[in-house]
Structures are given as C-alpha cells and as structure tokens.
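Put together the whole structure using the sequences plus the hints.
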Amino acid sequence: MNDTGKKWLVMLAFILFSVLLIGGFYLFTTPGQTVNLAFAYVVGLSMIVLPCTLPLAFVIVPLAMGKGPKKGLGMALAFGLGLSITLSIYGLFIGFVGQALGLEDAVGSAGTVSRILFIIGGLAAFVFGLSELKLIKFEMPSYKGSYPRFIQEQGDYLKAFFLGLFLGNAGVGCPNPLFYVLLGDIALTGSMVTGAWLGFIHGVGRATPLIFLAILGILGVNAVSNIASKTALVTKLTGASLIVLGAFIFISGTSHQWYEESFVHKGWNQMVILVTGGENSQIAEIEEHEEEPGTPEEHGHDEVVAEEDDHADSPDYIPAPYSWITLWILIIVPLLIYWVRERRAKKMTETKIN
21 MNDTGKKWLV
31 MLAFILFSVL
41 LIGGFYLFTT
51 PGQTVNLAFA
61 YVVGLSMIVL
71 PCTLPLAFVI
81 VPLAMGKGPK
91 KGLGMALAFG
101 LGLSITLSIY
111 GLFIGFVGQA
121 LGLEDAVGSA
131 GTVSRILFII
141 GGLAAFVFGL
151 SELKLIKFEM
161 PSYKGSYPRF
171 IQEQGDYLKA
181 FFLGLFLGNA
191 GVGCPNPLFY
201 VLLGDIALTG
211 SMVTGAWLGF
221 IHGVGRATPL
231 IFLAILGILG
241 VNAVSNIASK
251 TALVTKLTGA
261 SLIVLGAFIF
271 ISGTSHQWYE
281 ESFVHKGWNQ
291 MVILVTGGEN
301 SQIAEIEEHE
311 EEPGTPEEHG
321 HDEVVAEEDD
331 HADSPDYIPA
341 PYSWITLWIL
351 IIVPLLIYWV
361 RERRAKKMTE
371 TKIN
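Per my numbering, residue 21 is the first one in the sequence shown, and the count goes up by one each step.
Among the hints, erroneous ones may be present.
Stated by the list, open to error - Pairwise CB distance ranges (calculated): (1) 253 x 372: 19 to 25 angstroms; (2) 120 x 365: 48 to 54 angstroms; (3) 353 x 117: 34 to 40 angstroms; (4) 251 x 86: 21 to 27 angstroms; (5) 158 x 363: 22 to 28 angstroms.
What the hints assert, rightly or not - Capping the alpha-carbon separation at 16 angstroms, the derived lysine to aspartate or glutamate pairs in EDC-like fashion look like this: (6) 87 x 176; (7) 256 x 176; (8) 154 x 362; (9) 256 x 362; (10) 91 x 176.
Simulated from the structure, these hints should not be mistaken for laboratory data.
Every residue gets a Cβ at the ideal spot worked out from N, C-alpha and C, and that includes glycine.
In structure tokens, the structure reads:
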C-alpha cells in the first residue's frame with residue numbers, strides 16, 4: 021500500500037470515528053420521540069455494541085484485509101450497501117403494515133403507542149441482558165449455517181454485497197429499545213417510502229462502524245482480534261448495561277408521570293438547554309411553557325403541548341410512588357444475583373486449585 025492510499029484511509033477512518041462520536045452525542049441529547057433521519061442513523065450506530073451487529077465485523081474485516089486499500093474499501097462499502105438495502109425492505113414492510121392498519125390516522129394516540137413501544141423495547145433489552153449474564157437461557161433466533169453456494173461463487177465485490185444483503189437479517193430482532201421506537205414510528209407514518217428511507221439510513225448507521233473496523237484492518241490494525249480477546253468482558257458489560265437501560269426504559273413507559281418528575285428528566289433537560297443554548301429544543305420549550313402565564317397558543321407552544329398531552333392522556337401502568345422501587349428492584353436484584361454467583365464460582369475455583 022502506497023503512502024497516498026494510507027493517508028486517504030487514515031483520513032476516512034478519522035471521519036468515520038468522528039461520526040461515531042457525534043452520533044453518540046446526538047443520541048444522548050435528543051428526545052427519544054424525535055424520529056427522523058438523524059435519529060435512524062445514530063440508532064444504527066449504537067447497534068455495534070450489541071451481539072446482533074458486532075459479529076458482522078468478524079465477517080467483513082477478514083474479507084477486506086489483504087485486498088489492498090481500494091478493493092478492501094470497495095468490499096466494505098458493498099457489504100454496507102447490502103446491509104442497508106435489507107433493512108430498507110424491512111422498513112418498507114413496516115410502513116406498509118402501518119398503512120394497512122390505518123395507524124397514520126392514530127396520531128392522537130401516539131403517546132400511548134410510543135409508551136407501549138418503550139415497554140416492549142425495555143423488556144426486550146432487560147431479558148437479553150439477563151441472557152448475556154447467563155441468568156436465564158434465551159437465544160435470539162440467528163442463522164448459524166453456511167452461506168448459500170451462489171454467494172460463495174461470486175466475485176469479491178458481489179460476494180461482499182450479497183453477504184451484507186443476507187446477513188442484514190441478523191440484526192432485525194436486536195434488543196436495542198430505540199430500534200423498536202424507530203419501527204413503531206415508521207408504522208405510525210403509514211408510509212412505505214418513508215419506512216424504506218428510514219430503514220436504509222438506519223442500515224447505513226449500522227454499516228458505518230463496520231466500515232471503520234474494516235479500514236483499520238486494511239491499515240494493519242486488527243481491532244476485531246482485540247475485541248475477540250476480551251469477549252467475556254464485553255459480554256458482561258453489555259449484559260449489565262442492557263439490564264440498567266432496559267429497566268429504565270421499561271419504567272419510563274409504564275409510568276410517564278414518574279419520568280417527568282424524576283431528577284433524570286429534569287437534569288437531562290438542563291443539560292440539553294446548556295448544550296444547545298435552549299434553541300430548537302422541544303424539551304426546553306415544554307419546560308418553559310409550564311412556567312409562563314396565559315394560554316399555550318399565546319406563547320406558540322400549541323404543537324409542543326399537544327405532543328405532551330398525548331402522553332398525559334395515556335395511563336400510568338405503574339403508579340409513580342412505586343416506580344422508583346420497581347426500577348431499583350429490576351436493576352439491583354439481577355446484578356446482585358450475578359455478583360453472588362460469580363463470587364461463589366471464583367471461590368470454588370480457588371478451592372479446587374488449592
């Protein structure tokens with residue numbers, strides 16, 4: 021590889037790494053209900069830390085390594101394109117289902133729908149977190165056979181493309197709560213075009229860190245092998261994180277009043293206001309209009325209040341006073357059980373050695 025090729029790849033790797041950082045920042049400073057192209061993209065970025073997407077790196081990185089900078093990058097991009105097309109097809113289908121069920125006319129009940137999606141997403145993340153820590157036996161359906169022969173017989177570029185197209189199915193049942201929020205809002209739009217476009221952009225988000233890892237592999241930095249050597253640690257951190265995140269999102273869906281009154285929500289609002297200067301922030305507007313006299317229309321908050329009213333009209337499934345108790349039980353109990361089990365296993369191992 022000549023110096024010019026290395027420079028271009030290093031520059032591209034830096035850009036992709038910057039995108040990952042900016043995407044993570046956006047994800048943590050944007051209201052969960054704001055589903056748009058940027059949201060779809062950064063949700064795709066966040067998938068790389070989950071077992072439904074990370075294994076794809078073990079497919080594309082070895083394929084791209086040793087092929088030269090131009091061909092290796094081309095194969096990584098072809099893989100990402102195939103992945104994105106598959107997810108766009110799923111988005112199109114979800115949009116079609118929403119249109120067939122008339123969900124685009126159910127915007128008035130969007131608050132209830134989004135809360136149900138939060139509950140489902142939170143439970144999915146929580147259950148998968150328990151599974152990652154081996155507290156329960158649960159496996160997401162996945163394809164474990166060999167690739168179809170017609171894929172293996174293709175040239176390098178087509179092989180990478182068809183692998184992305186084929187393996188794009190692997191992450192559809194991924195336990196990322198935000199992914200379920202994205203799917204739910206696609207269904208609410210009732211638009212196949214919007215669904216396909218959001219699905220494609222989401223796929224691009226999933227492919228971005230995979231392409232970044234592939235570029236590192238082409239440059240001789242095999243980050244995948246480093247990740248593989250720390251699989252046990254990654255699994256533990258993923259499991260614990262999913263339990264905490266799943267429990268919080270589940271409670272946010274079951275008790276919206278608790279969430280609105282919690283220090284987490286208020287602190288979050290203040291952080292967003294500080295970061296954005298209070299501009300173009302729905303959260304800031306909601307907090308402001310609550311303290312202003314007069315009708316919401318006088319202050320131009322009618323649309324924001326309407327969105328809040330959607331949530332206000334939907335019932336709290338767990339009363340606010342019991343929400344904190346439920347949250348801590350969901351987090352502490354499984355983590356405590358895991359800690360006790362690991363400590364016992366460690367003592368038994370030390371006893372056998374001695």
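Quick one: which hint numbers does this structure break? Sort them smallest to largest.
-> 7
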